[in-house]
Structure formats: C-alpha cells, structure tokens
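Colleague: Single-letter residue listing:
There are 4 protein chains.
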Amino acid sequence: VADRSSRTGRLDRGYADVLHELTDASVGYTFGGRAPVAEVMPGDRLLLQTRDCFGGAVRTVDDLPSQVCTFPYLNPVTGPFHIIGALPGDTLAVHIISLTPTTGYGISSTFPHFGVLTSTAQTPTLQPALPERVWIYDVDPAGIVWYRARTSDFIAALPLEPMLGTIGVAPAAGEVRLSIVPDVHGGNLDTPLIRAGTTVYLGVNEPGALLSLGDGHARQGAGELSGVAVEVAMDVALVVDVISGYGVSTPRPRLETDTALMSVGLGRPLEDAYRTAHHDLVTQVAAVTGLDELDAYQLVAQAGDTHVGNVVDAAYSMVASLPKQYLHGASLYPGVHDRLRASRTSL
Amino acid sequence: VADRSSRTGRLDRGYADVLHELTDASVGYTFGGRAPVAEVMPGDRLLLQTRDCFGGAVRTVDDLPSQVCTFPYLNPVTGPFHIIGALPGDTLAVHIISLTPTTGYGISSTFPHFGVLTSTAQTPTLQPALPERVWIYDVDPAGIVWYRARTSDFIAALPLEPMLGTIGVAPAAGEVRLSIVPDVHGGNLDTPLIRAGTTVYLGVNEPGALLSLGDGHARQGAGELSGVAVEVAMDVALVVDVISGYGVSTPRPRLETDTALMSVGLGRPLEDAYRTAHHDLVTQVAAVTGLDELDAYQLVAQAGDTHVGNVVDAAYSMVASLPKQYLHGASLYPGVHDRLRASRTSL
Amino acid sequence: VADRSSRTGRLDRGYADVLHELTDASVGYTFGGRAPVAEVMPGDRLLLQTRDCFGGAVRTVDDLPSQVCTFPYLNPVTGPFHIIGALPGDTLAVHIISLTPTTGYGISSTFPHFGVLTSTAQTPTLQPALPERVWIYDVDPAGIVWYRARTSDFIAALPLEPMLGTIGVAPAAGEVRLSIVPDVHGGNLDTPLIRAGTTVYLGVNEPGALLSLGDGHARQGAGELSGVAVEVAMDVALVVDVISGYGVSTPRPRLETDTALMSVGLGRPLEDAYRTAHHDLVTQVAAVTGLDELDAYQLVAQAGDTHVGNVVDAAYSMVASLPKQYLHGASLYPGVHDRLRASRTSL
Amino acid sequence: VADRSSRTGRLDRGYADVLHELTDASVGYTFGGRAPVAEVMPGDRLLLQTRDCFGGAVRTVDDLPSQVCTFPYLNPVTGPFHIIGALPGDTLAVHIISLTPTTGYGISSTFPHFGVLTSTAQTPTLQPALPERVWIYDVDPAGIVWYRARTSDFIAALPLEPMLGTIGVAPAAGEVRLSIVPDVHGGNLDTPLIRAGTTVYLGVNEPGALLSLGDGHARQGAGELSGVAVEVAMDVALVVDVISGYGVSTPRPRLETDTALMSVGLGRPLEDAYRTAHHDLVTQVAAVTGLDELDAYQLVAQAGDTHVGNVVDAAYSMVASLPKQYLHGASLYPGVHDRLRASRTSL
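So the protein sequences, as listed, match chains A, B, C and D.
Okay, so the first sequence: first residue is 38 according to our numbering, each after it adds one.
Okay, so the second sequence: first residue is 38 according to our numbering, each after it adds one.
Okay, so the third sequence: first residue is 38 according to our numbering, each after it adds one.
Okay, so the fourth sequence: first residue is 38 according to our numbering, each after it adds one.
Looking at chain A on its own, in the form it has when it is part of the complex:
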C-alpha cells in the first residue's frame, strides 16, 4: 500500500474550523451543474447547516408536502464544496464528526404514490393514492424522538439516531443528477449508517470533487418504508481527506467505521443493490487480504452483515458490511479513517 497516500498531508498542521453560513445561494437540487459555494482544505473541520428535505416548508400537520413543495425540488443539498487538491480518479474521504438536529422537531409524512406500501410512479397501479398525512415528532436532544399517532393518543419514545440521507459529489462525464436520486456518485443514499463516526468514501469525478450534502434524519427505519424519515434541519461537522495514488479507485460509495468496512450497493430490483454491495465488498476484501475471490466470497458469506438503506428511491440502497477485526488490519485506505476519526475528539 505504499503507492497511495493522503494527498494533502495537512492533517498534522492542526485543525482550522471553517464555518459555512447557510443562505439560499448555498443550497441546490442537483449533484453537478452548479458552481462551488466554498473551498475546503483537507484536514479542516467544515461546519455547515442543512435544511430538511422539504426545504422547511412543512411545519405543521396541515402543511401537506404535495401542496407546499414542488416536485422534484425536494432534498435541498448544501454545497457544492470544492475540496482543494481533489482530482478525477482520487477518492474523497468525508468523516462525519457530528450531526445535530436544530429545530426541536422532526417531520414525516406520506406522499402521494411514494413509499413502499403504495403504488408509485415506477410501480404504478390504477388504485388511488394513500391519503397524505403529516406527523410531527418532538426531538429531544437527550436522545428521544417522540412518535405520536394522528388518530389516537398512542405514543412511542424512539431513540434519536441522527443520519445524513444525502451526500455526494459531481457525477462523471458531465452528468447532472437530481439530489433525490442515488447513484455511484452518492446522492440520496438514505442509509442510517451515514452518521457521526462514519467515514464516507466517494470517487472523485470533477476537479474539487464538488461535495454536497443534506437530508438529515433524526432517525429512519430500515428501508425508509413510507418514503419519508423523521426529517430535520441539522448542524453538521465534518472533515475531509483526499486519497490519491496508483490503482486505488472508488467506483461506488464505501463506508468505514471504527469496527466495520462497508460497501453501498444501489440498484433495482433490490437484489441488484444486494449484489453490487457484496460484489464490491468481496473484491475489496480479496484485494486487501490476498485471499482469492472464492475465499473472500466465503468469508463475507459467513461473517458479513447487510443493512437495508432505502427501498423507495430511484435506486434502492443496501449496505454490505464486514467487521474489521476479521481483516487483521488490512484496508484499501489504510489509516485514513483513524486519522479523520481523531479529529472528532477535539470538537
């Protein structure tokens, strides 16, 4: 692994904290096709805000999303940020330091012909849409998200588990994609595993990578069953690094935590999301351990786990994961997560 490196080497210069103040000009609805709103130096901590997926337009149970929002202008993302030194072919590592809901409440809803247990634009039927309904959750920073039924006094105290639904870079080959779409450039991945403590790896397609992010969730069940999580505006702290070198590419989003390596699979039908996640994980394990692919396949088959991201977006997402302990320290991005992780303690 001597042939790859953290390009900037700036992590040892001491952190700077860069605060990006949110304005209308710093949000958009695409990956690609927009000019950077700021530059970010690898190693610096970037502090920013994200709007909720409705752009703040839903505040009460009477604000029906289909009336107060205009499709497809959902999921505003903050950015893009030009990452200094990131070049096509490099890998951008984004370590999430913290995610803090900011408004004290979260919003969920049904949305006409969107979600799993309804017919949709992609899976249409002649049945009328389910009723549109909004739920408001109290978000208690002590760690509770309060579910309250709309038609009875039933309540449930769910754990606060903040996550980012949407994170990505400019796509390859000049494509411009809506922020509600996930693909190999990232985008609306909608997996709870993109949370504080996780490092997200994304392949760089354009100079500066052009990182954008948004769509914070106070929590989300596996699959985002109803199409909408507990949507919140957030304060986000993150730190990035740029990995360059010969032979290391990041063809799809990958994740790393203190304990696990993960690959994000995307596709339809859902088994193709499962397949792409696991194909990437198996070939990655083979590459770093020297196991042949069959031995790596066997190891992941027995020791791996799978997390359902979304089963509602233009591409479904699933995450294949393997505990790092079985890899005896081997990694495609050696040391990167640990160094970025270290930056968290001092915030």
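Mixed in with the good hints there might be a few duds.
[As the list claims (entries may be wrong)] Going by beta-carbon spacing under 7 angstroms, a handful of chain D positions derived as facing chain A:
| no. | residue |
| --- | --- |
| 1 | Thr67 |
| 2 | Ile121 |
| 3 | Glu330 |
Read the hints as simulated data drawn from the structure, not as lab findings.
Remember, it's a predicted structure, so these values are computed and weren't measured experimentally.
Here a beta-carbon is modelled for each residue, glycine too, at the ideal position from N, C-alpha and C.
Could you slot chains B, C and D onto chain A? The hints should help.
Modeller: For chains B, C and D alone, kept in the frame of chain A given last:
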C-alpha cells in the same frame, strides 16, 4: 383478544420430554406428501436431531456436493410431526429451546450456479460456473466457528450462532413442496432469526400441522451470500403450542422473541420479500394497537428494522421486526411466547 | 441425432380417436398427486373438454369470482392422462390440433388484488383493492370476440384467437403444484402461443407423464394485464408423441410451430423469465447448429423475437422464439412436429 | 379536444428541406447540457446523419469496442436541435420519415459485462466476462442483413428493419443524462418500433425541446439480447410538430403509427417497464374514449400487445400497444400523426 386461546391448555400440566430418535425413515425432502413420524403433544418438549443440508454426504474438502449429492435431494428435514389438536385455520407456535451442533465441524461450499455472486438457474448467463469448493469449519462449542481459507493460511474466528434454516408445515390445498423451497407454509426460510429463544408461528393447513425441520447452520451471514451457510447436524429442543380462535390467522410465518415481533416476507424480486414482510407487520401492528393503518405504517417506518434472510432460494426472505416495547404489551398471540419461553429455563 | 427417436413409432398405424368425456372426476386442481383418468396411446387423437378457469361458476356480471369461487380452487384442469410408454427423462410432445370454445360466451373480470395494475398478494400495498367487475363477451365462432364496456355503450370486435392457458405434467421429485402455478413442469403458462398448430414439449418426470390441461382463453392480450383473459370452456383435440433417447432432455417447456422454435421462460422478476427463455433458446440453437454459444447468442440477439405470456401468475412467463428458416432444418426434435402436424389435416 | 392545437400551424405552408451537415460539433453524449446545433421549424423536413453507437471506431472484427471506445462515450447523438416554438409543458411530435443505413455494413459485438446472458455492472457476479467478439454484417439495401458466424461458415439472411435506438429531449429540472441512458425524456429507448412511419411524442422540458437522436440499428431482436444490435450510421429524415394546449401532457414517450397507439414503459425490474407502459396506455385510452379506467383496463388487457425493447440498458424498455381501430378515431393528439405522415409521401 378474549376470543382466542391456547387450544390444549397443557402447558400447566408439567413438561414431558419426548425424544425422537433419528432414522432414515424420519427424514424426507418435502413439506406435505409424507405420513407423520410421531405425534407431539403441545407443551411437551420435543428433542430431535437434524441432518445437515448435504445429508452428511460432505465430510472433507474433496467431497464436492454436486458429485456426492443428488439435486433436488438436499435439505433433509426431520418429521413430519403430527401436533395433537392442530386443525386447519389454527396457528402452530414452535418455540426453539436450543440448537446444538453435534459433529464438531461445519461445512460450507460453493455449488455450481447457486449463490448470489454467480449466475444461477433462475438468472442464467452463458458464463461458466464458478469453481466448486468446500470449506470445513471447526465448530468450538465454546462459541467459535473457525473460518480457514483454502488458498492461504488466513483464518478468522467467527461467533457460533446456531440457527435452523428450514422449518414448516404441510402446505395448503394438497400441495407438496420441496424442502429447499420457502413459501407461506415455511420451508427453507434461511433466516438467522430462527434460533434458540425464538417462537415461530405457522398457519396450520392440514390436521396435525405436520411440522418438519432441518438445515441447521452454525452461523450464516445476511443473505446466505454464497448459497451455503456453515452447515451442521444438530440436536434440537423445542416446544409447541396450538392457537385457535376466531379471527386470528397466520397467513405467513411470523416470529417472536423476548424483545421483538417479526414477519417473514418471501418473494422475488427482493423488494417483494421486503413488501410482504412489512405489509404483514404493519397490518398486524394496526390490528393489535388499534392504530389505523397509516399510523401503524408510520410507526413501523421509523421504528422498524429489517433483516435479510436469503437471497438465493426459490423465494428470497426478509424479516421485518418491531421492538415489542413500542406496542405496550399488545400482541396477536398474547402470552404464547412467554409461556413457551418459560419452558426453556428448566431444560 | 440418430440417438433419439419417437419411442412408440405408432404414428404410422393410423389414428384412433379417443374421446374423453368430461365429468367431475376428470378435473382437478393440481399437477401431481392425482391418479390418471385415462390412458392415451401416442399417435391417437385425444378429444376432451376443459372447463373455464372459474369452473363454470361465473355466468353473469353479477357472479363475482371472489364470491362464487373458492381460492385456490381455480383453473380446473382435465386429466391427468397417462401417456403410454412415457418414462422419466423422456420428452412428451403435445400437438394442439384444435381449440373450440363451446358456450358462445367468454368471461373476464377483475379479481381483488390480482392483475398487473393493482397491488397483489406478492406485491402488497395498503391501498384498497380495485373494484371487482365481470365482463361477458359474445364469442362468435366466425372469429369475433365482442368486448362491451360495462359503464358505457362502447364496443369493440376483437379477433377470436383460442389458446390454452394451462398445460403440464406431474412435477419432479414428488412435488404437487397447484394448477394456477406455472413452473418447469408446465402448468399455468398463460401464453397465446399455445394454440392450434403448436407442439408443446414437456420433460417427463413420472411414468406416464400425467398430462393435464385446461384454462381455455378465447383470446388474451400480452401479459394477461388484468389477470383474467376471455375465459371459455373448450373442446380440445390433440395428439401426443414420446421422445426418448440419449442426451435429449427438456428441462423447461418448449414450443414449435411450422415456422418457429420457442422456449418458455419463467420467473420473477420478469427479466428472469426473459433470461431463462433466451438462455434455453441460445443453448438449443448452439446444440443443433454446431455454432459456439457466442455465435448462437449473436444470432438469437438479432433474429429472435419475444412474446410476453403472463405478468400476473406466481411465475411470469415469456417466450423466446427464432424463425426455423435460419436454422436450415436443424432441430432438437427432428420431424416430431411435422409428423404430429400432419395428423391435423384429417380431423 | 378543442383545447389543444398544433402550435405552429406551419404544416400548410409547404415543406422546406433543412439539411444538417454532420460534424464533430454536432454530436454529443448527453441529453441536456449542450447548446443547440441548429434551429428547426415545425413542418420542415430535417435531414441529418447519425453515427453508429461506436462513433465509427469499430470497423473490423479486430476492433474490440472495449479497446477502441472509451466508456461512457458511446452512443453519440446528433443534436440538440432547437425546435422553434416548443415550450415547457408542450409535446414534441417527431415523425420518422426514413432511416437509411449509409455504410453498407453493420457491426455487432459482445462487450464485457454488458448484455442479458452475462453478469453486468448492475447484476455483478464473480465470474469472468464472456469473450469480447465483433460481428460484421453486410447490409444489402435491397432489404437483407447478412449474419455470418465467426467460428463456422453458418450464415443467415435477416430482414433489414432500420430503427433509431436513441431519441430524446433535454430532461427536466436541469438534469443532464448520458445518451446511453433511457428515461422519461427519451434517450436510449432501444425499441424497433421507432422506425420509418412512426411518430414519437416527447414531453418538452426546456425551451426549444432540444431534440437529439442517434444509435441507428439495421435491425434488432426483441430485448437487444446481447446488448448490441446491428449498429449502423444512418441518414435520417424527420418532421416535427409542437402540440400545446390545456391539459395534454406527455409524461413519458409515446408512439403512434398508422395502426396503433403505444406507450413506452421504462424501469427495472422489467415488470415495472411493463407496468408503466400499460398504466400510461390504459389511462390514455380512458381519457380519449370516456371509458372508466376499469373498462379501459379490460379493453387493453384483451386487445393490447406488448413489445420488448431493451433488457440491457440502465432502464429496461417495453412498449404497450393498442390497435387504433378499437378506439373509433379517438386520440390524445388528434390528426397530428396523419398530418406528419402525409409529409412522407413527397420525399
């Protein structure tokens, strides 16, 4: 819920332990179409053995399954057991008390054109099959399953987490299904959640239910990626109950543990397994809580979890789960799991 | 191809006409699991009747199928017929001589949670079912099937194109399958290509093959969009042959007409029905032409056609076809279709 | 239908023939994101050339596409053409007058991990790719396309049936999509039904519509089985109209011929392409006939047909069609096809 009951009421008579000795006559390859091998009284503990999915024919890395086994005669199941008092329309509750691998080793393999990361009979291509290879795992009863690579000296110590791959009853309407097939009668569900401590609910189609089970795994990753888990022969201890009454039906397999209610979804493509699991869980939550379906949908969407069972069998399996704590004690089968669970402590 | 043959050779002995009179005893709801209703000699013409898919219970627009029928007891099939000389491993060739609707009318309907443009048991949603509605078609033997709207005076004259929805043999390995299910043994294939003039090839799994058939349609659009075709009772005339030999197997249903060779693919998702149909056709073309598989793949890719069977049943069906003219007379079953075809002219 | 109209009304002014000379500057690899290469007046005949999908880089069997082309720079499209008067919300009607292959040969190939009977990037496996191979077809303008096997002297004379694989407009909301991708804006639809005599309807998202087209095929089997048709450069003649008005929108590509109305469905899995095509056709039939949706569903179910487009691209395509004769002249776009069609006779 006063209109349903444990039909036999025998759980308070004190347990008898019924040992079924395994012989060639007590295994078969179908659900349905076979005469009972024994009768079982609800409340009694049934102790039985299961053969591994290869019927014991694979013992070394040189025993290639495609040569020593004859498709489709895989996955021998022990049974069927006639459950006294079970009638069509009832629900059979099977509580797994313990699962104990018996041979000190487990077997895994690739199998030509079977698994996720290969073309298969259902998803064929013109590419040659992956090589067939067998792995032998040491199964340490202290709780470790040893992975050993075939092409290097790489090893990994994986946790022993025994599970039953296959459990089911006779199908409805006179159908006879291969034991390698999962469907609404149960069968080859291949989810790690069917383990000691879990109660499996199955709808009864034939008098006596005709319960069969087998396909023990020392452990299995999510999805059974390579098509074969760490296959073991097992000692199984279980206790059953029969639930009858007005208006409670069990149209597909459901699971209950001390902490969660779960529905098993089956289907292809994989999103249909996700859909059927969650549709059943949402309607079940609505039925027991009095929430309307939209409120139940919202609760499961934010508080539920999903576990990938298999992505290799004739129908894929996914399990939708909800922590019982959010339901404030409500249940379709009130008290059943707890009573069966109590029988575990005295084994 | 000298190593295979028509086992019986009886096609030159002159035809006998065997009339099987329909009674309640000669219909059933499964493939497998039932005793033969009659024996049939290869080469003899078998004349039989089939009931419509509702078993005749729907006669007016007020007979709602969900009320007058009992799921899953739909699709009664006539048979099984024991084909003399047919042994496991052989291929049964069934040539459809004629299909004649017998009642002067045909019935179609929606059915709750069945069809393509509705949620279903396999693809469930929380939406209510579409309304159940029955349409009665006049079937004019001169060749017209009259569509009449239920909510206006709109009419349309559609061509009469009789077909058999369901045809198959006993499954392998002792399985018993409902007649509404299609699989490699045949069953509810629901393709308009099974019509007069077509030879259906089915692999034999049990002695005597145990052929059953039913589910006549006066016509059907591609995909059986609403789940129900124009359902009719029928007079059926057919002739069978048994092909045995070394190395010719029929792992899935195949069809032959005067002009085309076809393979029936089955599966979910629908692309797997496409894949299995084309994989079978490509390997069949390679086998009979001596082309390597890539050259055969290329030929079918450019010269082949695809017909959508059903997109509603437990397995979807698609038919891959290739004009026989491109094969210069090569065939897996040389001469069989032509000989059986010749029997048609004299009816 | 008085509330809609051909906006320009120029079809009665007499045709002008506008020849667009192909240069490197007039081709690109995206829909959206590029400036118009020319303006076109509705009613004028536009004569243009398209390059083959390899951009002309494959000329012999030794030019392997993966070596001489650079993914994703395949499928060059000629355009975009600014259609005078086309505004967002309008419908662009493009009538194909003629398609004429220009080089005397066509090219097909396998391409690593692309096609149906191979694992792909979206459906990956651990198996090696199929061999890459190129086939050169002689294209005889008299109407024959000569298949020649690469590994034997087997030949087959296939009918010349020219079609356009790729046609579309700029996507909505500022998206930019690769020309190899099909979606609701059109793009790489890959259906043989886009041929001389067909009118293609596309919803307009950007002023001027920004029409681009390319990817001519001398012929293509249903599904584009191997991922590559018989690829040719073409001379294309077409004429466009712009339909505006109140309440007529074109949310996905639709086709019209002299005899049929058709809707193009796109999606994965393939049943979603079938569903979207038929949902659009059924609701369109209901809209123009006054039938309620159930009656329209029933009519299409029995009288409709389905054509498989591609089963290889980022979204699969299927075309649902209904003979116009059953609609008694009703149409969403009354008269448009006939007027454009009339322009063909005088070329």
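Colleague: Now tell me if each hint is right for this structure.
Modeller: Results for each hint:
1. Thr67: 6 angstroms, holds
2. Ile121: 25 angstroms, violated
3. Glu330: 5 angstroms, holds
Hint 2 from the earlier list is the only one contradicted by this structure; the remaining hints agree with it.
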